[in-house]
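Chain by chain, the residues:
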Amino acid sequence: MQEQIVTQLRAIVGPEGILTDSTALLAYESDGLTLKRQRPELVLLPRDTDETAQCMRVLHEHGIPLVPRGAGTGLSGGATPVPNGVLVGTARMRDVLELNAEDRFARVQAGVVNVDLTRCCDGDGLFYAPDPSSQMACTIGGNVAENSGGPHCFKYGSTTRHILGLVIVTATGEVLHLDEADVDPAGFDLVGLFVGSEGMFGIATEITVQLTPIPPVTETLLAIFKALDPCCDAVSDLIAARLEPSAIEILDKLAIQAVEASVFAAGYPQEAEAVLLLEVEGRESAVEDTVERMLPILEAHGLLEVRRARDAGERRKLWAGRKGAFGAMGRIAPDLYVADVVVPRTRLREIVRYATDVCSERNLKISNVFHAGDGNIHPNISYDRRDEEEVARVLEAGDLIMETCIKYGGSLSGEHGVGLEKQAMMSRLFTPDDLSVMERVRRCLDPDGRLNPGKMFPVRSCKEVRPQLAGSPGEST
Amino acid sequence: MSALLEALAKDGVEGELVGNKPMALPTSEAQVQAVLKRAHADGLRVVPMGLGSKLEWCRPEYITSADLLVSTRRMDKIIDYVPGDGTLTAQAGCTMTQLEEHVLTGGHRLTPAVALPGRSTLGGVLAAGLSGPDRQKRGPVRHHVLGTRVVLPDGTLARSGGRLVKNVTGYDLHRLHTGSRGTLCILLEASLRLFPRADDHTHLIREEAELDGLLARCVELRTLECEPLAWTLENHGGPWRLHVALEGRGRAHEEDVRDVERVLAPQEILRGPQADEAFDALRGLDASGGWGEARALTRTSRLSAILRMLEKEDGLQVVAQMGLGEVRLQSPGLNEASTERQIEQLEEWRQRLTPLGARLEPRMVRAQTQEDLAPALAAQPALDWMFRLQDEFDPKAQFRSPSFPGRRA
Chain Z
0 MQEQIVTQLR
10 AIVGPEGILT
20 DSTALLAYES
30 DGLTLKRQRP
40 ELVLLPRDTD
50 ETAQCMRVLH
60 EHGIPLVPRG
70 AGTGLSGGAT
80 PVPNGVLVGT
90 ARMRDVLELN
100 AEDRFARVQA
110 GVVNVDLTRC
120 CDGDGLFYAP
130 DPSSQMACTI
140 GGNVAENSGG
150 PHCFKYGSTT
160 RHILGLVIVT
170 ATGEVLHLDE
180 ADVDPAGFDL
190 VGLFVGSEGM
200 FGIATEITVQ
210 LTPIPPVTET
220 LLAIFKALDP
230 CCDAVSDLIA
240 ARLEPSAIEI
250 LDKLAIQAVE
260 ASVFAAGYPQ
270 EAEAVLLLEV
280 EGRESAVEDT
290 VERMLPILEA
300 HGLLEVRRAR
310 DAGERRKLWA
320 GRKGAFGAMG
330 RIAPDLYVAD
340 VVVPRTRLRE
350 IVRYATDVCS
360 ERNLKISNVF
370 HAGDGNIHPN
380 ISYDRRDEEE
390 VARVLEAGDL
400 IMETCIKYGG
410 SLSGEHGVGL
420 EKQAMMSRLF
430 TPDDLSVMER
440 VRRCLDPDGR
450 LNPGKMFPVR
460 SCKEVRPQLA
470 GSPGEST
Chain R
0 MSALLEALAK
10 DGVEGELVGN
20 KPMALPTSEA
30 QVQAVLKRAH
40 ADGLRVVPMG
50 LGSKLEWCRP
60 EYITSADLLV
70 STRRMDKIID
80 YVPGDGTLTA
90 QAGCTMTQLE
100 EHVLTGGHRL
110 TPAVALPGRS
120 TLGGVLAAGL
130 SGPDRQKRGP
140 VRHHVLGTRV
150 VLPDGTLARS
160 GGRLVKNVTG
170 YDLHRLHTGS
180 RGTLCILLEA
190 SLRLFPRADD
200 HTHLIREEAE
210 LDGLLARCVE
220 LRTLECEPLA
230 WTLENHGGPW
240 RLHVALEGRG
250 RAHEEDVRDV
260 ERVLAPQEIL
270 RGPQADEAFD
280 ALRGLDASGG
290 WGEARALTRT
300 SRLSAILRML
310 EKEDGLQVVA
320 QMGLGEVRLQ
330 SPGLNEASTE
340 RQIEQLEEWR
350 QRLTPLGARL
360 EPRMVRAQTQ
370 EDLAPALAAQ
380 PALDWMFRLQ
390 DEFDPKAQFR
400 SPSFPGRRA
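Protein sequence lines, in the order shown, are assigned to chains Z and R. Anchor point for the first sequence: position 46 equals 45 in numbering that gives the first Met the number 0, and the numbering is continuous, going up by one each time. Anchor point for the second sequence: position 40 equals 39 in numbering that gives the first Met the number 0, and the numbering is continuous, going up by one each time.
It is worth saying that the hints were derived from the structure and are not from the lab. Please note that the accuracy of each hint is not assured.
Distance condition first, Cα-Cα at most 20 Å in a straight line; then the derived SDA-like pairs of lysine to any residue [said to hold, decoys possible]: (1) 395(R) to 439(Z); (2) 76(R) to 42(R); (3) 154(Z) to 248(R).
Computed from the model, here is a short list of chain R residues facing chain Z with C-beta under 8 Å [what the hints assert, rightly or not]: (4) 33; (5) 85; (6) 88; (7) 128; (8) 168; (9) 178; (10) 179; (11) 254; (12) 384.
Negatives, chain Z to chain R, calculated, CB over 10 Å [said to hold, decoys possible]: (13) 28; (14) 47; (15) 82; (16) 90; (17) 101; (18) 135; (19) 303; (20) 399.
C-beta atoms are modelled at their ideal positions from N, C-alpha and C, and glycine is treated no differently.
Start from the sequences and build out the full structure, keeping to the hints where you can.
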């Protein structure tokens, strides 16, 4: 990149807001999808909306593509840099700008870490409901870009249901205020359109989020099953019975063993084939009633035992195990492919069984940790990316799982987004017209296509299945 | 029969004249596409509609400027109801009553609980972005639309989202379509998230001549553990009435009722079918009472000040959703008033409400009123993006409204 441009950018963000050293850039080569790597030309870390807008104007002036990034915890390659591009991170935008307990909202900078927001408002009896497993690190801005979920989204819904307003910096450096915390949008619902747009419409620098009252009573149960299939069936029946816990999560045997061998050990029974982590919230009598109604359904599916968290400490431990499960998989193999697909909740057993079989046939290690209540499954395939042949098998299994989900009436992503990982599959789910309409929306809001280019939409692909640099010649024709 | 309807008939599309306006009545997606392709080729101004119950406030200009009305009312098939998944997919012309009755068979409840459900189609409700009093507990309708199929002005058929309760694949264009008032596309089909129908229902009402006493009770109601299905304060010229609708099951429900009873000291406690009737009446309050309606949108903490200001206006009818920050205002005197008088009144409300932190949105007002007020009321900050989207999808301005989402400078 021309030194003159670097100087201009440095003048805006200061020396601490720009990274050009190749060692420093190494950490930004990929997000959680480590299969795809690309070193950015430089990384910008503006401190606020104004600095972001100034940077965007410079990048616009010179026609430089850019990729927004939160904490880089995304698993679909949404924050993978692009060749000759700049990465704009929100790591220095960490302020909670306003907390309004009476109206139950907070206005935060995009780089505020998810869990810090809840810590900030729990003294007022409030919390921020979306709770991705990476919530200790992921940012609210990243959550907005990906429309992130989490275990408690079963009850509270994904990120989009909790965003009241945004301040957006556009590709040309304009600042767009969609930040009045009104009950309904004025005109089109641009906030709803923006959430989940994977950094392709602009960079959200300030976000107004809805806060939720902390429920008076929370009951956490660990239901232990002798097999995975009936555990899945139990979930389908809980949904069909119209019960309303706040979270329904499944971990299978390999996941349990990995967690128990790690620092996240939660006391999950290692002999179990599957466990169901359930949480019920509300007033005490409502919680008791829901639990009473759930138990016969679980028992009808071969429940071995139910353990109830006795206090907040035990509850935290059970959830730490669940949320640390992906990290714990590092014990199985150095790399992890986390699939993220959704099926109707009536078809859980079938898709989980299919994923297991596909991996067994390819001699791959699969573990399952997933948001069963939403039909959002995460078959996790452990592998070593230095083994190209194994990588090929992993990607083939991933494709087959996605194809089968589509066949079952499912979808490609429940919470991780499309990014680079799933873009080739988009044309299996959507028609050319569907995709063309999405691309037209994008063109309206970023006519030059400089914001996170090469993501989400399929390119005519050579179907290369080996580790490669994002945007490298093998990627597309 | 107009020449246009005759031409459409050759494509197999039936239609009729409404007043002097031709209205196409397609029965399939292919027919909607055929109608729009013809309209696009001829540059006709099109107003999409269902049964037309919200046209006066959604698209008041239809009376004067539309060349063609396109109603989806004959596309009324329920495509897929999956009780085990709690989802419903239906064509846009289904009435809300039809859908509500259908999902009740599987123990589900549909949201939004709109006024006049038998005269409202799914497509119309979604295009209007309409929520009901159950929004207090369920949230706005846009949160529960899982996916849509639409036809664009040039006849392109496109899908967004799906039929799943959780799905982030592709852009959420269904969020853009919901509430776009037929200015971007015609909705053909939508999938919705459903909610369990509760076993027990109770409706509590307290009436007082003075507003202040009820506002004090509202402050305390907000601190309770229970989550009301609806929480509405209304005044139609007499005393103020505060409604709290609760739903639940067994002991927990009874505890909710006791808590609300303690704070509200209601004169009426209705249960079971009587509570359902009272809730339906609450839904009905959202039906239009005639010309001269507006909504004030604000934060809940500002509601008291706004209501106190409105209390001083003689004869003003008010329906406020107390947990949401929404107040509907209607001045019966405006029903027969001239356009100039309507504009004057709405402008006066706007000037008084804005300093209190509320945004005014006209509803049942004549087209000219809506259009004249548009510059002052429009969503100015993001209007450019909205116009860009309209230009992209409707380059011939066939679907455009002069007042929504705003008027061009």
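Each hint tested on the structure:
As the CA atoms of residue 395(R) and residue 439(Z) are separated by approximately 16 Å, the hinted pair is consistent with the 20 Å bound. The hinted pair formed by residue 76(R) and residue 42(R) fails the criterion: a straight-line CA distance of about 30 Å is larger than 20 Å. A hinted pair counts as satisfied when its Cα atoms are at most 20 Å apart, and residue 154(Z) with residue 248(R) qualifies at roughly 18 Å. For residue 33(R), the interface hint is violated, the least distance from its beta-carbon to any beta-carbon of chain Z being 16 Å, above 8 Å.
Contact between residue 85(R) and chain Z, as hinted, is supported at the beta carbon level, the nearest pair being about 7 Å apart and thus within 8 Å. With a least beta-carbon distance of about 10 Å to chain Z, the hint placing residue 88(R) at the interface is violated under the 8 Å criterion. For residue 128(R), the interface hint holds, since its Cβ comes within 8 Å of a Cβ in chain Z; the closest pair sits about 7 Å apart. Given hint, residue 168(R) at the interface with chain Z, holds; its Cβ is 5 Å from that chain's nearest Cβ, closer than 8 Å.
The interface hint given for residue 178(R) holds, since its Cβ lies 6 Å from the closest Cβ of chain Z, which is under the 8 Å cut-off. At a threshold of 8 Å, the smallest CB-CB gap from residue 179(R) to chain Z is about 6 Å, leaving the interface hint in force. Among the interface hints, the one on residue 254(R) holds; its C-beta lies about 6 Å from the nearest C-beta in chain Z, closer than the 8 Å criterion. For residue 384(R), the suggested interface contact is upheld, since its CB lies about 6 Å from the closest CB of chain Z, less than 8 Å.
For residue 28(Z), the condition that its CB be more than 10 Å from all CB atoms of chain R holds, with the nearest at approximately 24 Å. The claim that residue 47(Z) is not at the interface with chain R holds, since no C-beta of that chain comes within 10 Å of its own (minimum 18 Å). A cut-off of 10 Å between C-beta atoms confirms that residue 82(Z) is not in contact with chain R; the least separation is 24 Å. A cut-off of 10 Å between C-beta atoms confirms that residue 90(Z) is not in contact with chain R; the least separation is 24 Å.
Taking the minimum C-beta to C-beta distance to chain R, about 5 Å, the non-interface status of residue 101(Z) is violated against the 10 Å cut. No beta-carbon of chain R is positioned within 10 Å of the beta-carbon of residue 135(Z); the least distance is around 21 Å. With a closest Cβ-Cβ approach of about 25 Å to chain R, residue 303(Z) is found to remain outside the 10 Å limit, as its non-interface label requires. Even its closest Cβ contact with chain R, about 17 Å, leaves residue 399(Z) beyond 10 Å, as expected for a residue assigned away from the interface.
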